[in-house]
Amino acid sequence: MGGRGPFTGTVVTLLLDRRLDGPVTLSDNVSDDAWSALTADLDALLRRVAHRDPEAFAALYDATRSRVYGMVARVLRDRGYSEETTQDVYLQVWRTAESYDPASGSALAWLLTLAHRRAVDRVRAEQAASQRDSRYGAATVERATDQVSDAVISGEERRRVTECMAGLTELQRECIELAYYRGLTYVQVSERLSANLATVKSRMRDGLRGLRNCLGAG
Amino acid sequence: MNPFSDSTADLVELAVPYALHAMPDEERDSLESRVANAGSAVADAFYDEVRAVRETMAAVSATTAEEPPAELRGRLLSAIADDNVRVLPSGPRRRPAWMATAAAVAIGLAAAGIGLSLRPPAPLPSTAQQVFAATDVNTISGAIPAGGTATVVFSRDRNAGVLVMNDVPPPAPGTVYQMWLVSDGTTTSAGTMDAEAVAPSTTAVLDNLGDSTKLAFTVEPGSGSTQPTGPLIAELPLI
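So the sequence lines, in the order shown, correspond to chains A and B.
Counting from 1, position 174 in the first sequence corresponds to residue 191 in my numbering; the numbering is continuous, with no gaps.
Counting from 1, position 114 in the second sequence corresponds to residue 263 in my numbering; the numbering is continuous, with no gaps.
No lab work stands behind these hints, which were simulated from the structure alone.
Keep in mind that the hints are not guaranteed to be accurate.
[Said to hold, decoys possible] Chain A residues, not near chain B, derived (Cβ > 12 Å throughout):
1. A54
2. D79
3. S147
4. E187
[Said to hold, decoys possible] What follows is a list of derived Cβ distance ranges for each label pair:
5. B/S372 with A/D58: 50 to 56 Å
6. A/S147 with B/T362: 46 to 52 Å
7. A/D118 with B/I388: 17 to 23 Å
8. B/D232 with A/A183: 39 to 45 Å
[Said to hold, decoys possible] One-sided excerpt, in silico: chain A residues whose CB lies under 10 Å from chain B:
9. R65
10. F74
11. Q104
12. S123
13. L129
14. E174
15. T179
16. Y197
17. L201
18. Y203
19. V206
20. R226
21. L232
Note that beta-carbon positions come from the ideal geometry of N, C-alpha and C, so glycine has one too.
Please work from the sequences and hints to get the whole structure.
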């Protein structure tokens with residue numbers, strides 16, 4: 018065994034080919050303002066959800082559903098599982114919104130962390146149950162068909178993030194891909210890439226730092 | 150040598166796979182204790198890195214966004230309309246609450262080995278059945294920092310509740326855990342739990358909730374106290 022899986026390269030490409038055509042003209046101020054406004058709104062909504070406000074919950078869902086579902090679907094690669102997991106995520110949000118602490122990060126990061134945890138747990142459970150990699154080893158990824166509204170995530174924002182992703186080295190991207198979207202542990206990533214652990218850890222770290230610097234986030 | 154001694158760099162390097170959920174659960178748990186034992190400077194560096202990674206991945210979620218099926222919205226809204234389960238936020242733990250995956254929720258802070266035990270279950274079915282059948286039944290649940298979960302199902306109409314404890318470690322020798330119904334200005338004992346009462350799952354009935362607003366848990370010496378004297382280890386709001 019060892020060696021990379023057959024789909025590693027595909028996954029990276031899939032992430033990148035969401036890039037929109039045309040020159041990247043960043044107007045950072047606008048983006049940053051939009052980002053700040055989004056995170057501030059979500060903070061406020063989440064606080065209202067903690068007080069059992071169903072309208073705030075619906076608004077929070079509408080503002081974040083495409084990010085949550087899209088990430089979960091990328092990890093699970095199965096519509097049925099993704100829908101179930103997304104439902105579980107938001108039910109957990111309803112029940113545990115009080116545990117969100119703004120001092121620990123943005124509401125969006127809290128939500129996506131929770132969602133990613135559940136998606137990874139689910140993909141690992143399904144893999145363990147099947148004992149085969151057939152379902153999850155397949156390179157087929159169901160692509161998004163519905164366009165996400167520009168009001169929720171602007172094309173410019175996507176372009177900017179995709180550009181940042183493209184600025185990473187291939188190995189950095191692969192490490193992040195396999196760990197974040199395939200639910201592999203960093204030890205499994207090193208096996209999959211036939212790279213030593215120290216290399217994988219440092220590529221992950223460098224990749225994340227590169228992204229962070231590029232995005233100006235965190 | 151301190152078995153927990155780790156170099157700061159080693160620990161902080163693991164912050165990225167930790168934040169990406171890219172390690173087995175056992176390793177994650179062990180890493181958390183190593184970080185907790187490494188001092189606040191290391192812990193700050195570690196969790197700063199974790200936070201930065203998670204903010205970054207939140208931004209990256211723009212690139213994978215996809216609309217969920219439209220019917221999911223209606224299903225969720227009706228699910229929450231009927232849902233009255235609340236899980237409490239973490240107590241004063243070092244670890245930021247949002248990292249606790251929210252499934253586990255702490256009620257207060259307990260040093261090593263502190264848990265809860267219950268008075269042996271009283272013969273209770275009728276009260277429990279009444280509570281569960283009540284139209285105003287509420288559920289509140291929280292994880293005990295030392296391990297295990299406390300859940301109270303209660304009804305104001307029935308003036309009663311049922312406490313269920315799961316996987317709670319036994320109290321330190323010579324002490325018991327005591328439950329208290331707390332209302333404005335008064336604290337009434339709702340029973341004690343010793344080591345023998347601790348089982349994988351223990352149930353107790355809370356009769357006469359009165360106008361209590363909280364169920365509190367303390368550690369008390371011997372077989373319990375008439376008023377709380379020991380440290381408060383957990384609290385569940387009965388509202």
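Consistency of the hints with the structure:
Even its closest Cβ contact with chain B, about 14 Å, leaves A/A54 beyond 12 Å, as expected for a residue assigned away from the interface. Against chain B, the non-interface label of A/D79 is violated: not every CB pair exceeds 12 Å, the least being about 8 Å. For A/S147, the condition that its CB be more than 12 Å from all CB atoms of chain B holds, with the nearest at approximately 18 Å. Every CB of chain B is more than 12 Å from the CB of A/E187 (nearest about 17 Å), matching its label as outside the interface.
The hinted range of 50 to 56 Å is satisfied by B/S372 and A/D58, whose Cβ atoms lie roughly 53 Å apart. Checked against the hint of 46 to 52 Å, the C-beta distance between A/S147 and B/T362 comes to roughly 49 Å, which is consistent with it. Checking the proposed 17 to 23 Å range against A/D118 and B/I388 shows it holds: the Cβ atoms sit about 21 Å from each other. At roughly 42 Å, the beta carbons of B/D232 and A/A183 sit within the given window of 39 to 45 Å.
At a threshold of 10 Å, the smallest CB-CB gap from A/R65 to chain B is about 13 Å, leaving the interface hint violated. Taken as an interface hint, A/F74 checks out: its beta carbon lies about 6 Å from the nearest beta carbon of chain B, inside 10 Å. Because the closest C-beta pair between A/Q104 and chain B is about 6 Å apart, less than 10 Å, the hint holds. At a threshold of 10 Å, the smallest CB-CB gap from A/S123 to chain B is about 6 Å, leaving the interface hint in force.
Against a cut-off of 10 Å between C-beta atoms, the interface hint on A/L129 holds, since the closest Cβ of chain B lies about 5 Å away. For A/E174, the suggested interface contact is upheld, since its CB lies about 5 Å from the closest CB of chain B, less than 10 Å. Against a cut-off of 10 Å between C-beta atoms, the interface hint on A/T179 holds, since the closest Cβ of chain B lies about 5 Å away. Interface hint status for A/Y197: upheld, as the beta-carbon distance to the closest one in chain B is roughly 5 Å, under 10 Å.
Annotation: interface hint on A/L201 holds; nearest CB of chain B at approximately 7 Å, less than 10 Å. Look at A/Y203: its Cβ gets to within about 4 Å of chain B, closer than 10 Å, so that hint holds up. Interface restraint check: A/V206 against chain B, minimum CB-CB distance 7 Å, threshold 10 Å, status holds. A cut of 10 Å between beta carbons decides the hint on A/R226: the least distance to chain B is about 8 Å, and the hint holds.
Here the hint on A/L232 is kept, as its CB sits about 5 Å from the closest CB of chain B, short of 10 Å.
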